[in-house]
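J.: Sequence:
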Amino acid sequence: MAGMGLTTLIACSSDRGDKPSDEQRTGTLALPLRTVSSTGKVYFLRNAFFQIQNFNTGDVQFLSTEEGLADDSLLTIRLAANAQYAVTLLDGWFLERFDDEGGGSGGTTSMGGAPGTGGGAGFGGKTPVPIGGAFAQDVGSGGVFTAGEGPVDPPIAGKGGVSSTGGTAVGGVGPVAGSGPVGGTGTGGTGPVGSGVIIPSERVRLVTELTPETQFVFIEPQSDNFINYHFRVGDEVIEFNKGNLHISITVDDVPACIPPEGVTKPQRVLLDTNLTTTSAVSLRDAFSALSTNGGLAGNPELLFNEIYDSFASAPGKVPQAKHCGDETTDGQPSLNGFPIDCDRSESVQVGRLDGFRASAFVNRIDLAAANGAHCGQQRMIFAAQSFPRSLMILEAQVPNPHPELGIEGCRPLAEFWIAQDAIDDPSERGERLRQAFLVGGAPGLEDFGPFFRAENLTVGSGQIRLNTFNSGPWTLREFKLALDGDTLSAIPFPVAESPNGFLWDENSGLPQGEACRENFLTALDGVLTNDMSVMAFVVDGACRNSESRNDFFTEDYQSHLKSSPGFRSQLEDKLLSVGSSLSPENIASRARFAGSCIGCHMEGRGLSLGDGVVSPGAQDFPMVVEVPTQCGDDPSESCFLPSNALTDVFLPGRMNVLARTFGNVVPNPCDGGGSGTGGTSGGFGGSFGTGGGVGTGGGVGTAGAPSMGGTGMIPPDKPEPAPVIDIELASAEEPVDQLREEDAEIRQEYGDVTISGKSAASTH
1 MAGMGLTTLI ACSSDRGDKP SDEQRTGTLA LPLRTVSSTG KVYFLRNAFF QIQNFNTGDV
61 QFLSTEEGLA DDSLLTIRLA ANAQYAVTLL DGWFLERFDD EGGGSGGTTS MGGAPGTGGG
121 AGFGGKTPVP IGGAFAQDVG SGGVFTAGEG PVDPPIAGKG GVSSTGGTAV GGVGPVAGSG
181 PVGGTGTGGT GPVGSGVIIP SERVRLVTEL TPETQFVFIE PQSDNFINYH FRVGDEVIEF
241 NKGNLHISIT VDDVPACIPP EGVTKPQRVL LDTNLTTTSA VSLRDAFSAL STNGGLAGNP
301 ELLFNEIYDS FASAPGKVPQ AKHCGDETTD GQPSLNGFPI DCDRSESVQV GRLDGFRASA
361 FVNRIDLAAA NGAHCGQQRM IFAAQSFPRS LMILEAQVPN PHPELGIEGC RPLAEFWIAQ
421 DAIDDPSERG ERLRQAFLVG GAPGLEDFGP FFRAENLTVG SGQIRLNTFN SGPWTLREFK
481 LALDGDTLSA IPFPVAESPN GFLWDENSGL PQGEACRENF LTALDGVLTN DMSVMAFVVD
541 GACRNSESRN DFFTEDYQSH LKSSPGFRSQ LEDKLLSVGS SLSPENIASR ARFAGSCIGC
601 HMEGRGLSLG DGVVSPGAQD FPMVVEVPTQ CGDDPSESCF LPSNALTDVF LPGRMNVLAR
661 TFGNVVPNPC DGGGSGTGGT SGGFGGSFGT GGGVGTGGGV GTAGAPSMGG TGMIPPDKPE
721 PAPVIDIELA SAEEPVDQLR EEDAEIRQEY GDVTISGKSA ASTH
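For reference, each letter of the sequence shown is one residue, going 1 to 764 in the numbering used here.
Worth double-checking, as some hints may not be accurate.
[Said to hold, decoys possible] Pair by pair, the computed Cβ-Cβ distance ranges are:
| # | residue 1 | residue 2 | range |
| --- | --- | --- | --- |
| 1 | 738 | 572 | 31 to 39 angstroms |
| 2 | 721 | 51 | 58 to 66 angstroms |
| 3 | 62 | 744 | 47 to 55 angstroms |
Treat the hints as calculated values from the structure; they're not laboratory data. Each residue gets a CB set at the ideal place from its N, CA and C atoms; glycine is no exception.
Using the sequences and the accompanying hints, generate a full structural model.
T.: Structure representation (structure tokens):
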């Protein structure tokens, strides 16, 4: 079997309860091993060996399911906190299933046999395999669960049975080191206990798009992360689900939905993470384009170094950079009036421009202004190839080359991406994208300039975001490009759209507090929808945080709301006035998920959002994991795996927007095409043969007839022209609060909403 990766669940714990300081330094890694399916089958993960590497120290530890578990459903180990780990499930694991009839009913004599330890020496060879009985630790353990008491639920009691014969079921499979005691002589009881069924290896497949071979986690004290990994057994999907310290795991026995032929692939038209495709552009290529396109004479190396040196106090390694602490509030380092952490170790990345590689091309045309004032964003994600982890996202806002056509001026960009769907060769896709991002004039985009030019990532347009793990805690920061004299420079900028969490606390004393809370009452309109793909919580620039930190407190809005009975009452009144059944706490959780960077990436995932909506659970901090793994069933291709938040929520929603606005898309019925209905808030009209619904405009079963969605599918005879907005590079000499105001003014000129229905000020 192929190796399996694991996203770990971390919960704070302590090695010695009498020392609170130790509790701050440790966490517990919990691995689920048992699940009960919806049809009553019980699955165990067997012969599982986990390698856990601490990248801060280089130490490697191992865990095994065969090492005397006290609880068959959970395997735990204490690990040092504030450290980066890679967890890998090594080759050799397999699944055991107990069916309804296969678990045994106990039997009256099931007390027989002392708990045996036979086969304990079954380690050796390339793949450790326990010997003696069906499973080494099970030999002679008959009746451990039933003890003659008859049937139990679930019926997993029959661990004696076959294993009581000692070494005849699996013993000796594979190379084994040492001769150790084999078998054991326990009688195991004579009742009809039965035994588990080992699933043949050819029927078990790791669903690699959800669980890569190796995954990473940064463990922080007193924090919870989540675990979620999938197997497929024939048509059965076995899912070890998310949870907290004591997690539950489930099996879905429903046959997987098989998409029909011809479905438009979101992994080509919205997010291409194929290793061959992304290799077409290096980070040096990207920074060279930003530094020189548009007639600039910039220095790509210097621009890159300025960004990472900004985490340090002046003078740092790059004296001309904008540094942390250049702005202060009440004598403390700040940005936009909010505290910021200085002298982090991110400056270690200075000089490592060539140490990054691309992991994704991202099409965010869904962020285009509804009136066509611009065509949304075109993004690339880059990741450091050595630890500590660091990711950089270049988010270029693309001008509409024909504003006189309104949103129709952006149609060639949509069609360029849709054409990618038919190109099976990842090298060809990569070359087309390379030309579009770096040079301009790609096939079909002759009127579009290169996506990567400085004006597309400045005040009023796009941005650069960093997702860094160099120091604890994980943090996300934002930058805009500006001119410092004749030199292109990077300036730290408040993080959109993340409001500072203390603004939710009416007793915090922040001078921005009252005005921002008034703004929140308006911003909550963006999270009233139950379609998570279009939720947005866009706040005024003065409310935006200096950085979005993974400390499980700063942007935990519900926690801060507990101290604000007055503001909670205002939220409640607003919700009643619009007829919403949501609570103020639901709004705080939705704002955390949809409006906070760290919320969307980690802290706001797996939350109950009210009205039965639960945000997708986190597998890892980034939206695209930076370690390539096999693409589905094709052993010749490798991809960087997207998070389940992308695959389950955001990509289907963005595909919906693409189809509704520009057409030429065949949606996938297996993902439902988003959570909207008809053609007004998320459906594809007649795409699934439903037709005739609200705003479909097409007949039943038209599968996307010309009026699909009923909103904007047929261009008007005389398109409404878009406002013409010229973006110029900002001046690096202007203070951040002034630049922030200029950014807000430009975004107001774009109009009210994007084609997705979000606020035009949204950048998430």
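J.: Could you run down the list of hints and mark each one as holding or not?
T.: Here's how the hints hold up against the structure:
Checked against the given bound of 31 to 39 angstroms, the beta carbons of residue 738 and residue 572, roughly 37 angstroms apart, stay inside it. Evaluation of the 58 to 66 angstroms hint for residue 721 and residue 51 yields a pass: the beta carbon distance comes to about 60 angstroms. Range check, residue 62 to residue 744: about 53 angstroms between beta-carbon atoms, so the 47 to 55 angstroms window is met.
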